[in-house]
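From first to last, the protein sequence lines are chains V and H. According to this note's numbering, the first sequence is numbered sequentially starting from 1. According to this note's numbering, the second sequence is numbered sequentially starting from 1001.
Incorrect hints may appear among the rest.
DSBU-like, lysine-lysine: derived pairs with alpha carbons at most 35 Å apart [as the list claims (entries may be wrong)]:
hint : chain 1 : residue 1 : chain 2 : residue 2
1    : H       : K1061     : V       : K179
2    : V       : K74       : H       : K1160
3    : H       : K1168     : V       : K261
4    : V       : K351      : H       : K1149
5    : H       : K1079     : H       : K1149
6    : V       : K238      : H       : K1276
7    : V       : K219      : H       : K1061
8    : H       : K1160     : V       : K258
9    : H       : K1013     : V       : K409
10   : V       : K179      : V       : K284
11   : V       : K334      : V       : K219
12   : H       : K1061     : V       : K44
13   : V       : K44       : V       : K190
14   : V       : K190      : H       : K1149
15   : V       : K409      : H       : K1160
16   : H       : K1160     : V       : K238
17   : V       : K188      : H       : K1168
18   : V       : K284      : H       : K1079
19   : H       : K1168     : V       : K404
20   : H       : K1276     : V       : K404
21   : H       : K1114     : V       : K74
22   : H       : K1276     : V       : K261
23   : V       : K409      : H       : K1276
24   : H       : K1276     : H       : K1168
25   : H       : K1160     : V       : K190
26   : H       : K1120     : V       : K409
27   : V       : K380      : H       : K1013
28   : V       : K173      : H       : K1160
A partial selection of chain H residues facing chain V, derived with a Cβ cut-off under 7 Å [said to hold, decoys possible]:
hint : residue
29   : G1049
30   : K1120
31   : K1149
32   : Q1242
33   : D1245
34   : G1253
35   : P1257
36   : N1269
37   : L1272
38   : T1274
39   : S1275
What the hints contain is simulated information worked out from the structure, not anything from laboratory work. Here the structure is a predicted model, which means the values were calculated and not measured. Beta carbons are placed, not taken as given, at the ideal position from N, Cα and C, and that holds for glycine.
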Amino acid sequence: MKKLIALLLALVMVFALCACGAPKADSKTEGKVFNIYAWNEEFKGFFEKYYTVPEGVTVNWIITPSDNGAYQQKLDEALLNQASAAADDKVDLFLAEADYILKYVNSDATQDITKIGVTDFSNTYAYTVQAATDPNGVVKGVSFQCCPSALIYRRSIAQDVLGVSEPDEVQAKLDSWDKFNAVAADAKAKGYYMTASFAETYRPFSNNCTSAWVDADNKLQFDPQIEAWIAQTEDFIKNEYTLTAGIWDQEKNDQMFKDGKTMCFFGPAWYFNFCMGNAQDPEKGCSGDWAICEGPAAHFWGGTWLLAPAGTDNASMAADIMNTFINNEDVCSKLVSEENQFSNNQKVNAKFAEDPNYGNAFLGGQNDVALFSSMTSNIKWENHTIYDQLLNEGLQNNMQEFFKGQVDKETALKNFYNYVNETYPTIVTP
Amino acid sequence: MKTKRGSGVSYAKYGYLFILPFFIVYTFFTLIPQLMTFYYSLFENYRDGLTQIGPNFVGLKNYVTLFSPDNTGSIGILKYFGNTLILWVMGAVPQVVIALLLAVFFTSYRMNLKGQQFFKTVIYMPNLIMAAAFAMLFSTLFSNVGPVKQVLLAHDLIDKSFDFLTMKVPVRVLIALMNFLMWFGNTTILLMAGIQGIDQNMFEAAEIDGANSLQVFFRVTLPLLAPILVYTVITAMIGGLQMFDVPQVLTNGKGTPNRASMTMVMYLNNFLTTSKNYGMAGAVSVVLFLVSTGLSLFVYNSLSSQYKDTAHKRDQI
Chain V
1 MKKLIALLLA LVMVFALCAC GAPKADSKTE GKVFNIYAWN EEFKGFFEKY
51 YTVPEGVTVN WIITPSDNGA YQQKLDEALL NQASAAADDK VDLFLAEADY
101 ILKYVNSDAT QDITKIGVTD FSNTYAYTVQ AATDPNGVVK GVSFQCCPSA
151 LIYRRSIAQD VLGVSEPDEV QAKLDSWDKF NAVAADAKAK GYYMTASFAE
201 TYRPFSNNCT SAWVDADNKL QFDPQIEAWI AQTEDFIKNE YTLTAGIWDQ
251 EKNDQMFKDG KTMCFFGPAW YFNFCMGNAQ DPEKGCSGDW AICEGPAAHF
301 WGGTWLLAPA GTDNASMAAD IMNTFINNED VCSKLVSEEN QFSNNQKVNA
351 KFAEDPNYGN AFLGGQNDVA LFSSMTSNIK WENHTIYDQL LNEGLQNNMQ
401 EFFKGQVDKE TALKNFYNYV NETYPTIVTP
Chain H
1001 MKTKRGSGVS YAKYGYLFIL PFFIVYTFFT LIPQLMTFYY SLFENYRDGL
1051 TQIGPNFVGL KNYVTLFSPD NTGSIGILKY FGNTLILWVM GAVPQVVIAL
1101 LLAVFFTSYR MNLKGQQFFK TVIYMPNLIM AAAFAMLFST LFSNVGPVKQ
1151 VLLAHDLIDK SFDFLTMKVP VRVLIALMNF LMWFGNTTIL LMAGIQGIDQ
1201 NMFEAAEIDG ANSLQVFFRV TLPLLAPILV YTVITAMIGG LQMFDVPQVL
1251 TNGKGTPNRA SMTMVMYLNN FLTTSKNYGM AGAVSVVLFL VSTGLSLFVY
1301 NSLSSQYKDT AHKRDQI
């Protein structure tokens, strides 16, 4: 019996080897193992659904969470060893976020994607290309999503607090920080929280900074927007307008359930389709009770870029993947209609934005694509450094102790500076 | 014949052969890395983004940086050393005391406890769990939305704002508790072996002379146990100075709050994560090495001098 099974398996293997169909591109000459580095499962899901892997190629996912810079460390080691790694161990494609994409774009670890076959950027949003372009104008990657970030609110709570629930009306009542702060007091009076995390409004502020984290001499600098965030959060915590939970904490996520008491969240399309699982929960969630509007400050948050590492032995497959997720209208349409994404293809997005029949069920039928499309013109790609992720994270972690009243502001800042010195020895702290 | 030379056949060389593997392994995996650490601590050697900086020889600059006060006048490494010491003492004192007590109970022929094997296994059990997993468990149990807080809240025993993992004393107590739970079984077994090594006649003689159990413990057991106790305390101390996994996982590497639970090795680790700052990390290691050596010598001398006295007296008898 065992022999029979072995024979059968052997035959299946031989058959599989012979039964090659028409492989895509010129993948015949390329490596048989395709390694993708990522920090979560988001892109993996889309990749497995919408990309047809050429036959005979095995795709390996090397997923490391990005917390505390763990993903960057893993990726750095792999990229620095890229030259000496065996062909099947080389990084063939990796994902990077807005907060640290510069580090890879401005290095020799990535390659010019126009040379491997990604040349058409006519439909992508300008900032996504700008972010992946090095100082010499060489494009190193593409983003499969565009990430204008919106104020995501609970319709029922807005109705109770503001007396209105439709996006236009809510926006009119929350279109500046002054109004936002005033409404927070009203929400409190009615027994609600304005936001569920001390860091909820960090991105709307930090994304509007007029200076980068470090200046030309690598000196750490605090933008007035960061100071404004600290001041607002201090006030919100003191008055209990917000919870003291971290932005990814269970405590905050619990607020997304039907019985949650929080009115506002901030995030782009990937936030409500990937990170708001609790809100989508069929039993305890409240799908349809949500809506989005631009909120008090235009901003974007995150975004996932696909970058082509230098030295990959699967360059044409990497290019093929990139083209699929920015230029294949079929795939981009499905990203919008099936996955609630806001794609990086303006033509596809325009189609949905103008479609009167399109509506996002999670948002109570609102046409989110139309709103996001109108917000894209406000996205600016500026004031970024290679240090952003860990500086943003470190500041939030250290300020949290201040907000909770465990340390005074000076101590919190001192701890932040110590953290910066340990993490980035070249940055000069005050 | 060669046998004429008499009985001078030396078997010592075989002895050396037998201990050779240890010395080879020790040289390559402990001694050389240790010397390299000293050497590398004299270099500027880190990464900025994907760019490697150094190694450039900078002399003692890393040590100067390590011991120079920040803008508020406090010196980081002293604080982290203090944290480590506090956390260790909080865990080690109960650990040794309880272990000693249990060891005496388990070995006492008068008490003759039933089911000893069972209890020995149970108290050793926590040591088998990976420290990181143990800390994960505790961080879930004691988190702000965890079961412990819910139970205490339901019984009105704590305030809503009470958050175990962000308060100095609760965090330190939890770390000490975990270290205690993990190591007291191990210490008990060691001390039991020590007590069983003591001649039973001593205990009997003491009893015939009319000593009560306390007197037996302090006058017979403890002095004769001193060598093992010294060993236990020194190994526990070296382990304690290297405390890392439990506080690292419990506080997610941040040593919250206000870095009050950040140990020396967590501090060292901060230099190794993103910046790969081998120079500074090396300097911290060297300081840690010197401190461990100093403390070990101190404990060895102070505890074993008693032992020597006892041994001396015993010889006189």
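Against the structure, the hints come out as follows:
1. K1061/H - K179/V: Not satisfied, since the Cα-Cα distance of roughly 52 Å exceeds 35 Å.
2. K74/V - K1160/H: Since the Cα atoms of K74/V and K1160/H sit roughly 39 Å apart, the hinted pair is violated (cutoff 35 Å).
3. K1168/H - K261/V: Satisfied, since the Cα-Cα distance of roughly 30 Å is no more than 35 Å.
4. K351/V - K1149/H: Distance of about 51 Å is beyond 35 Å: violated.
5. K1079/H - K1149/H: 30 Å, holds
6. K238/V - K1276/H: 39 Å, violated
7. K219/V - K1061/H: The hint holds at about 21 Å.
8. K1160/H - K258/V: The hint holds at about 22 Å.
9. K1013/H - K409/V: Roughly 67 Å between the alpha carbons, so the hint for K1013/H and K409/V is violated.
10. K179/V - K284/V: This hinted pair holds, its Cα atoms lying about 31 Å apart.
11. K334/V - K219/V: Distance ~45 Å between K334/V and K219/V Cα, so the pair is violated.
12. K1061/H - K44/V: Outside the cut-off at roughly 46 Å; violated.
13. K44/V - K190/V: 42 Å, violated
14. K190/V - K1149/H: 26 Å, holds
15. K409/V - K1160/H: 23 Å, holds
16. K1160/H - K238/V: 15 Å, holds
17. K188/V - K1168/H: Given pair K188/V, K1168/H holds - Cα atoms ~30 Å apart, limit 35 Å.
18. K284/V - K1079/H: 46 Å, violated
19. K1168/H - K404/V: It holds: about 13 Å lies between the C-alpha atoms, which stays within 35 Å.
20. K1276/H - K404/V: At roughly 32 Å apart (the allowed maximum being 35 Å), K404/V and K1276/H satisfy the hint.
21. K1114/H - K74/V: The hint is violated at about 53 Å.
22. K1276/H - K261/V: Between K1276/H and K261/V the Cα gap is close to 43 Å, so the pair fails against 35 Å, i.e. violated.
23. K409/V - K1276/H: Judged against 35 Å, a Cα distance of about 29 Å means the pair holds.
24. K1276/H - K1168/H: 29 Å, holds
25. K1160/H - K190/V: 20 Å, holds
26. K1120/H - K409/V: Not OK: K1120/H and K409/V at ~50 Å, beyond 35 Å, violated.
27. K380/V - K1013/H: Not satisfied, since the Cα-Cα distance of roughly 77 Å exceeds 35 Å.
28. K173/V - K1160/H: With a Cα-Cα distance of about 32 Å, the restraint between K173/V and K1160/H holds, given a limit of 35 Å.
29. G1049: With a closest approach of 5 Å, the G1049/H hint holds.
30. K1120: 38 Å, violated
31. K1149: Cβ of K1149/H sits 11 Å from chain V, so the hint is violated.
32. Q1242: 19 Å, violated
33. D1245: 15 Å, violated
34. G1253: 6 Å, holds
35. P1257: 4 Å, holds
36. N1269: 9 Å, violated
37. L1272: Violated - the Cβ of L1272/H stays beyond 7 Å from chain V, reaching only about 10 Å at its closest.
38. T1274: Holds, about 5 Å.
39. S1275: S1275/H check passes; min Cβ-Cβ to chain V is 5 Å, inside 7 Å.
In summary, the numbered hints that this structure violates are 1, 2, 4, 6, 9, 11, 12, 13, 18, 21, 22, 26, 27, 30, 31, 32, 33, 36 and 37.
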